[in-house]
Structure formats: C-alpha cells, structure tokens
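Using the sequences and the accompanying hints, generate a full structural model.
Sequences listed follow chains W and H, in order. Here our numbering is used: position 180 in the first sequence is 180, and no number is missing along the way. Here our numbering is used: position 373 in the second sequence is 373, and no number is missing along the way.
To be clear, the hints were calculated from the coordinates, so they are not data collected in a lab. In this text, a Cβ means the ideal position worked out from N, Cα and C, and glycines have one as well. Possibly wrong hints are sitting among the right ones.
[Claimed, not checked] A few chain W residues that don't get close to chain H, going by computed Cβ distances all over 10 Å:
{"id": "1", "residue": "21"}
{"id": "2", "residue": "42"}
{"id": "3", "residue": "43"}
{"id": "4", "residue": "77"}
{"id": "5", "residue": "88"}
{"id": "6", "residue": "201"}
[Said to hold, decoys possible] Cβ-Cβ distance ranges computed for the label pairs, FRET-style:
{"id": "7", "chain 1": "W", "residue 1": "28", "chain 2": "H", "residue 2": "15", "range": "25 to 35 Å"}
{"id": "8", "chain 1": "H", "residue 1": "92", "chain 2": "W", "residue 2": "39", "range": "52 to 62 Å"}
{"id": "9", "chain 1": "W", "residue 1": "307", "chain 2": "H", "residue 2": "15", "range": "27 to 37 Å"}
{"id": "10", "chain 1": "W", "residue 1": "28", "chain 2": "H", "residue 2": "97", "range": "52 to 62 Å"}
{"id": "11", "chain 1": "H", "residue 1": "319", "chain 2": "W", "residue 2": "214", "range": "57 to 67 Å"}
{"id": "12", "chain 1": "W", "residue 1": "141", "chain 2": "H", "residue 2": "185", "range": "44 to 54 Å"}
{"id": "13", "chain 1": "H", "residue 1": "185", "chain 2": "W", "residue 2": "214", "range": "27 to 37 Å"}
{"id": "14", "chain 1": "H", "residue 1": "181", "chain 2": "W", "residue 2": "357", "range": "52 to 62 Å"}
{"id": "15", "chain 1": "W", "residue 1": "357", "chain 2": "H", "residue 2": "185", "range": "48 to 58 Å"}
{"id": "16", "chain 1": "H", "residue 1": "187", "chain 2": "W", "residue 2": "66", "range": "36 to 46 Å"}
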Amino acid sequence: MPSLRRFISHQNVSVRLLNFTNVMRVDIWLILNVLALAVIGWILMYSVARSASTVYLYRMILFFCSGVVVTIFFVSIDYRFLVNWAPLFYLGSIALLLVVLFFGTEAKGSERWINLGLFRLQPSEFSKIIMIFFLTWYLTKIGEKIRKLGWFVVTFFLVGIPLALILKQPNLGTAASLAPLVFAMLYVAGCRKVHLVLVLLLGSMLVPVLWLEMKDFDPSVEKETQTTLGLKHYQKKRIYAFLHPEYDYRGTGWHTYQSKITIGSGGISGKGYLRGTQTKLKYLPEHHTDFIFSLLAEEFGFVGGVMVIALFAIMLFRGLMFARDAYDMQGTLLAVGVVTVLAFHIFVNIAITTGLLPVTGIPLPFLSYGGSFYMTVMAGIGILLNVPLRKKEVEQQNMPTSIANVEVYRRKG
Amino acid sequence: MTDNREQERYPGIERRVQQIGFAIAAALLLLGVQLWRLQVLSLNEFSKLAESNRIWQKRLAADRGIIYARDGEVMADNRARVDVIIIPGECPADALDTVCERLETWLNVDRQELDKKIKASAKLPFSQILVKRDISRVDQIRVEENQHLLPGVTTIVHPQRRYLLGETAGQIMGYLGEINQAELDQRQELGYFQGDLIGKGGIELFYESLLHGQDGYMLVTKYASGQPQLRTDKAGRPMIARRDTIGHLLNLEAPPVPARSGEALNLTLDIDLQRKCDALLQGEQGSIVVLDADTGAVLALASAPGYDPSVFVNRGATEERLALLSGQKPNRMTHRAFREVYPPGSVFKIMLAAAGLEENLINASTRFHCSGSYAIDGKGRRWNCWNRHGHGSLNVVESLAFSCDVFFYSLGRRLEVDRIVAYSKLMGLGVPTGIDIAGESAGLIPGREWKAAMHADKPAWEKQWYPGETVNLSIGQGSCTTTPLQVTVMMACIVNGGYRVQPFLRQEAGPKRSEKLFSDTTIKTVTEGLRMCVERKKPAPTGTGTRAYIDGMDIIGKTGTAQVASLSFLSKYKKTEDIPYPLRHHAWFTAGVLDRTPRIAVTVLIEHGHAGGSVAAPVARDVIEYFYNHAATKPSYTITAGN
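As structure tokens, then:
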C-alpha cells in the first residue's frame, strides 16, 4: 500500500550521508552574496600586490577554490550525522590543542601551528566549527533542561576547556570568539534570560580586575608584570595603547593610529582603486591581513565601506532567516552558531580598524588573507546553506497523498 | 535515530533568533556610524594628515661609542655620511626628467645608471633609490637648498665609523660589517635591524654591546611642498631642524625618543708607543707586546704587517678589501701577537728555571755540566747544545744567561713532562690569557694527555709519551706553540714578583692578577739569570741578550730562537744569509724592566729573524728606551696595585 510505505519512509527517513544533489538546491542569494564578497577580496588583494607581492592574490584564489570544496562537503553531508558525532570531534579538538601546546611551532611568539611539512595545521581554527557542532549536540541533547541553572552552567565548563587551551597558546582573538558563540547559542536554545544576565554581571566584574591589572602598568619597563589574568606584556601594552592613544606611536599605537588615518583619508568615495597612499607607502603594516578593511576604506571611501558592511549584513541576516525557518533545533542552532562566529569576526575586525577596540588578530571573512580562516568561513557557509535543505527534504518526503496520512505528518514547531 | 521530540523547537524560538538579528544589526550600525565619523565628519583632518601632512616615522640611528686610547687620543669615532636618495613616486611624472637632469649636473651622477634604477623600481614607486653616496658638504647644502626644484629627492644622514689612526692599532680595532642572518637571529631583541653594521673582529666585536647604543625614533609631519631637514652638528650627530625648507614649523607628533649613544671605550693603549713599535717592525713580519707587568694593562700590541680598518668602512667590495679578506700572504688580518702561534724556543727556559727552583729540584747553586751535547741516561741519541764546545759546569743563573740547552735538557728530564705542562699553564703559556679582544689563540703545550687524546685510536706505542719528547720540549721545540702575548705574561710574572696577570685593553676591565705563584727566592734567582743575560760587564763571557742593554737601567731579558726547519737540514747552508726566508728561525726576545715606574714586560717576535739576540733584542732595547723617555712626560702613568 502506497500510503504505508510513505508512512514507514517518514519514520525511518532514508539517510544518505553525502548527498551531492544538495548542491543544486542551495539558496542562490547566499551564493551570490558570498561570491560578491570573495571577488571583492580578490580585488583588494590585487591592490595589496602592488605594494607587496602578487603571491597574495594567487593564494587567495587558491583559498577560495579549496574553500569551495569544503563548502560542498558541508552542504552535501547530513548535518545530523555530524552533530551526532560531535562529542568525538570535541575530544579530538582538545587533543589537537594539547598537541599544539606541547609540540607546536612558534609564530610571532605564540604557538599556534603544528608543522606537518606540506602545510600547517591550526587547531584553534577547527575548534570554532567543532564547538558549533558540539554545542548543538549538547543543547539538543538536554533540550528543555537548559532552563535549569545547573545544566546552564555546565555549558560554560564545556566551552571553558578548549577556551583555556587556546588562551594558553596564547591566542586571545580566537578564544574571545568563542564567548559570543556560547551566549548566542544558549539564548536561542531557550535558556532563562535571568541566567544570562547573571553571567554577564559576573563578566562585568572583570572590569575592576582589569583595572587592577593595568593600574601599575608602566609600558616602558620591558619585563613581564604581575598578572592575575595571565595577560602578557605585549597584550597589556595594547590595552594601554588603546586607552592612551598618544602613547608609543611607533610600536603598539601605530596600527590603530595609522588605520584611522588610512580610513579617514578615504573620504566619501575613496582615493581610487590602487591609489591608496597609506598602504602603498607602507605606513600601514599588515594591510593584507587584519587591516584589509582600512585598505578598502581608503581606496573606496565611505561608500565602499558601507557597501561591504551591507553585503556582510545581508549574508548574516539571510543566515538568521535560515535559522528561524529551520526544520529542527539542530538546524537552528547550527545556523545561529555560524552566524555568530562570522558576525563576531566582522564586527571586531572593523571595530579594530576604525579604532573602537584594541588591536588583536581577528581576520575579516573573505577579505583578510589567511588560509585556515578562509576554510573556517567556507565551512560555515556550507553549514548555512545546508540548514534549509533539511526542511525541503522533509517536506518533499512528506507530501501528503491521502487524507489518512495527513494525521501521520504533523508539522511541529 | 531521530527523536522528534528532541528536535522540537519551542515556541518563542523564532523571536529569539530575531533578537539576535537585532543585536547584530545594532553592532553593524555602530560600525557604520564610526565610519561616518572618520570619513565624513573628520575627513578634512584625516586627509590633511594623510595627503599633505604625512606622518613620517624616522629612525634616529644611535652613534657608536667612541674608542679612546690611554691619553684620550681618539682612535675611532663617527662622522655623518650623507646620501642622496630619490623616491620616484613622490616626484610628479612630468618633472622626473628635469629632476634627473639636475641631479646629473649638480652631483655628477651617471644619468644612465640612475634611469636604469628608476625604471627597475617602477612597480614599487615608493621605494628609495640611492642617487649618490657620501656627498660633500657643498653638495649637501646645494641639494637641501634647492628642495623645491627637486621633488622626491631627499638627503639621508647616516653615522659612519671613522678610524683615525690608519694602520696603527688597525688590527686591534677590528672593523664593522653588515650584520648577517646568524648574528641577526642572535641579537634580534637587542634592536638590530637588517642592514645594520656590527663589529667584526677585534675590539669592535668584543665590546659590541657596549659600543652599539640604542636607536631612537621621531615622528615628523611632512608638508607636500617641503622636506623635513636633518642637519648635522659639528660632531656629525644628526639634529632635527624644526623648520622645513619653506619655513613651515615642523610638527612633532610626539616627543622624539632620542637615540642613546654607545658607551665610550677607554683603552689602555699608549698610541705613541704603539706607533713606535709599528715603526720598529717596518719591513718585517712579527709583533711587539708591551704590558704593565704589575697590572696587566696592555700598553702596546703591535703586529706587522697590518691594515687600515677604514678600508672596510664603506659598503661594497673593493679590491683592497677582497685582497685583505682572501688571506693573501702575508696575511695582514691576523694579529701576530695573540692570534699567531710560534714555538717559544729558548724563552721557554724561563718557565723551566722557575719550575725547577720552585719544585726544589735545583737551587741557585746547583751545577750541571754541559759538554756540548746530551743523551738520556748517557746513551742513545744525543741532543746538541747550540754551543758545540759546551759551556762547562754552570748553574741556573748562568744557564739562563748563556741559554745553555744541555742544562735545560737535564732539568726538563728531572721535572718530567707533567710538571712542565702544569707550570706552563700556571705562567700563562698554552692557555688563553683572557685578554678582552676577539680571536685569541690558546697555543699548545704538548703533554702526555694531549698526545694520548690526539692519537686516541692508534696503537699504544704511538700514543705514549717518550722521554725524548720531554727533552725537545724543554727548550721550547717540538709541537709546543705559544703566542707572544702569553710569553709576555710569563715574563711579567717574573717582573712583578710571581703573579700571573690577565692582560686587558679596556681600562675598566682590569687589573686582575692571581695569587703569588712563586716564592721570592725563586723569583730572585731567575731574575739574576735574566739580568745576567742582558748585562754588559767585563770581563766576558756575557749573556746572549746584551744588545738589549741600556746603561743605567735594570733590564732583564731572555733571547729565543725558534726553529722552523731542522738544524741538520739547515747545515747545508754555509752562511745565514743564504738560508731562504721561510726556513729561518723565528727570533724572540722577552724583557722586563725592574727599576722604573711602571715596570713593564716587553716581548718582541720577528718572524724568520733567525737570531733572537741579534735581531729581536735591539728592537726591545729601542722600545724600552723610547717608553721611559716618553712615559716620563706623561701624567697618565701611575701604578695601580693589583688585588
């Protein structure tokens, strides 16, 4: 009997692990959005090449192509499978973080890589994606219990382990990106608002601690100082330079100062493509990575800057739309997680370049040069594209053919 | 596997998602506002800063520490070298040609070269291109006065090392060279950058950290129509003028961080004495060492042939520089007082005499008989004394004076090789003296252990030490080698009454000396012997070093002749003049002065001089005579007692 078969097939939905036909059914608008951003990234890298090297441009294109493979993977795979195996990945990422802590190679004074000969492995990047899956698993596992304080708090411990390991590297930026992720996912998972407020209050108590940290800090004394938060000298110097903009232009304050000039001098319409003097004259270091937005703002002005922010905004809101309309809890949480991580990077990076926040290494999606991060972003995009597909799939398999079967299928949520 | 209940989305989730959306929107709006503030509201300010008034971060290079000799004479200092550079990107395209023309006329540069260089950097228009290096003051003023006619052209001042004494003490100075990767890795934290100059060799290397100083920084706004001017004061230090060429007052964005000059280095060297020693070594290869015997201060450390470190001052390889560095013979870069090693020859006997007396194997009156040759236990191979007829019966005093080989063969056998090695090291031979300069050689006193280690994987008969080797060693031949500096330290030990001093060049580095190593009686006896070597008294016989005698001065000394080729090989030459230069012996003379202030120890080594007494001793005499005549006129000579 046809209806029975369909009934059965609903209950045991045939799960194909990798379904490449998904690629055909993804949301076209998000794809276009991403493409636009990627292309802008290349355009900017070409400008960078004028004062640095063309290798950056070629590599960016390479990153994009590799990223597409990653995206296809995340689009095609059934995300429920990944979520179910999340705890394993979580443990794996902790193991990798431990490995890099003991065996990693130093780059600019912090251990972040494991050198595998051909390429470098950066575990802290993976942990972002893994955390999204893991938190999804955890929050859907406990479901309503998240409203209980106990389970709520446990979440923080679960996140705290990898966060502490990343912080030890020391990689303040990546560690910080996990914080809004936790909050957003908890919120969407349905925790009690009161609890969140409590935690935020607790967090705000950091301020006096920070004040204590910085109180006796003398930036000209070049030795490690007392610290309760485990902040290193150069990190304190950055905070100090942020609070006292006139201090130490040449070193710590230089980036922010120059970045503001770079952006500001772009004016409404910018100095023109390839004509950015600040970046060409090497006044602004690192303009191919963390300060790429400054280059954009210098060459394309306020108009260019706002346009790119708008593009990012559309991408993020679309992602949230997917979250809102997702079929199941997992989908919602995954989408929210990805959006939060992306939003964090976008907001913090641009805030740093415009002088609203002290300098830390947070790259900008699609625009900053950097392979590992590009992969993370493309993975995230893949996940976003995947979420609405589940609903489509379910809808497809549950087209009611007879009244009798309508009862079987109940739309939930 | 799917549990629909757990997948269930609770009511209100959509609203929460939307709230997240609002939060993100607010954050992005904030960014937009900040952009507005920077790019629209403050546009004037920022574009002024970026376009017309550019912030220029200038590194203020630190002066290198100045090196002074004993009396304040400047040996090495800095001068300002002015280069002219052009940044094509800052020159409007239509003016570039005219500018190049002007540069060609005024500075006499090769126009084609310049055009080539500018073309080559077309992709990086804002890089600096060197137009001319080290321009004259006249040219500098001309370029700076005509800034408005030369957009994109600017002068850059570099402090540059200047060696004022030419070849005198050239090898001691060392020289500066560009820092290489290995050195850069080592010194990264200390503020070194690619392209910095760092000491290579000599004092410049040893005291690099003292001399280097610390760079400063300055932030200056640059007006589109003018250039910030860097002027130099009389001493060659760059000063920052507060006005540019148009007369705009320059705006310092932040207080400049001044450069901290390197520390000055005060050396113990007496330059007049050093010059005299160089003059005495003219035409020869060799060295002269003069130490203050009581403190170890190095008064002169001469080596010939030498070189002028100014050859290395400008970058780029020149023929002269390549010739020096390639080790063409004779090697001018090696300092023959502490880096070259030679067999000590008879000056080694000083150590043996002191050792024998101290060990109570002999005393002042012990006599051995020299028949002209010696054999171990009376049989087997015979070693000859330089005097074939034999000296007859003599004591240690006379043996030192006449440099009798046989006496010391006997004494050496009694001492045995282990004690010889031990006492050598005690007196400073075969070990680095610890002088504060780079590149000191340790020399070698062979002994049982050394031989065993050298031939570790060979059969026992090759590893073993034979008594015949002790015999050879006793007169300073065989495999043993020392540096003239070490020999001077040994002599100083006798002169100052039995202490070993550590030679030092930097005034603040010393004096350092050991505890008393020899008893007064030992010293007295050895001194007698060394005095007799130099004294001219009637009747004969006199010692071997009488050509160092100065009437009225208590000079002690010892001659030495270090064999390079075996005597039997040389016997085929009838006359000394016939022996080819490289086969002649090295001529040693080491001396000390006891009755003057300060007491000095002098060692002269003339390579291939062939006879210590006749060639090296007169040189020592001249040095001593000059020194005391001239020291009498200098107030800087005082005795500082050791520990």
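* Asked: Should the label of residue 21/W as a non-interface residue stand, given a Cβ cut-off of 10 Å to chain H?
  -> For residue 21/W, whose nearest Cβ neighbour in chain H is about 21 Å away, the distance exceeds 10 Å, so it holds.
* Interface-negative label, residue 43/W against chain H, beta-carbon threshold 10 Å -> With a cut-off of 10 Å, residue 43/W remains clear of chain H, as the shortest Cβ separation is near 18 Å.
* Asked: Taking 52 to 62 Å as the hint, is the beta-carbon distance of residue 181/H and residue 357/W inside that range?
  -> violated (37 Å)
* **residue 185/H paired with residue 214/W, Cβ distance criterion 27 to 37 Å** => holds (33 Å)
* For residue 92/H and residue 39/W, compare the CB-CB distance with the range 52 to 62 Å and indicate the outcome. => violated (34 Å)
* If you check the beta carbons of residue 28/W and residue 97/H, does the distance land in 52 to 62 Å? -> The hinted range 52 to 62 Å holds for residue 28/W and residue 97/H, with Cβ atoms some 55 Å apart.
* **Distance restraint evaluation - residue 357/W, residue 185/H, Cβ atoms, bounds 48 to 58 Å** => With Cβ atoms ~34 Å apart, the hint is violated.
* To do: Using the Cβ atoms, figure out if residue 28/W sits within 25 to 35 Å of residue 15/H.
  => holds (28 Å)
* Test the statement that residue 88/W is away from the interface with chain H: the closest C-beta pair must be farther apart than 10 Å. => holds (16 Å)
* Asked: Could one say that the CB atoms of residue 319/H and residue 214/W fall in the range 57 to 67 Å?
  -> holds (60 Å)
* **Status of residue 42/W, Cβ more than 10 Å from any chain H Cβ** => holds (19 Å)
* Could you say whether the range 27 to 37 Å given as a hint is met by the Cβ separation of residue 307/W and residue 15/H? => The hint (27 to 37 Å, Cβ to Cβ) holds, given that residue 307/W and residue 15/H are roughly 30 Å apart.
Of the numbered hints given earlier, the model fails hints 8, 14, 15; all others are met.
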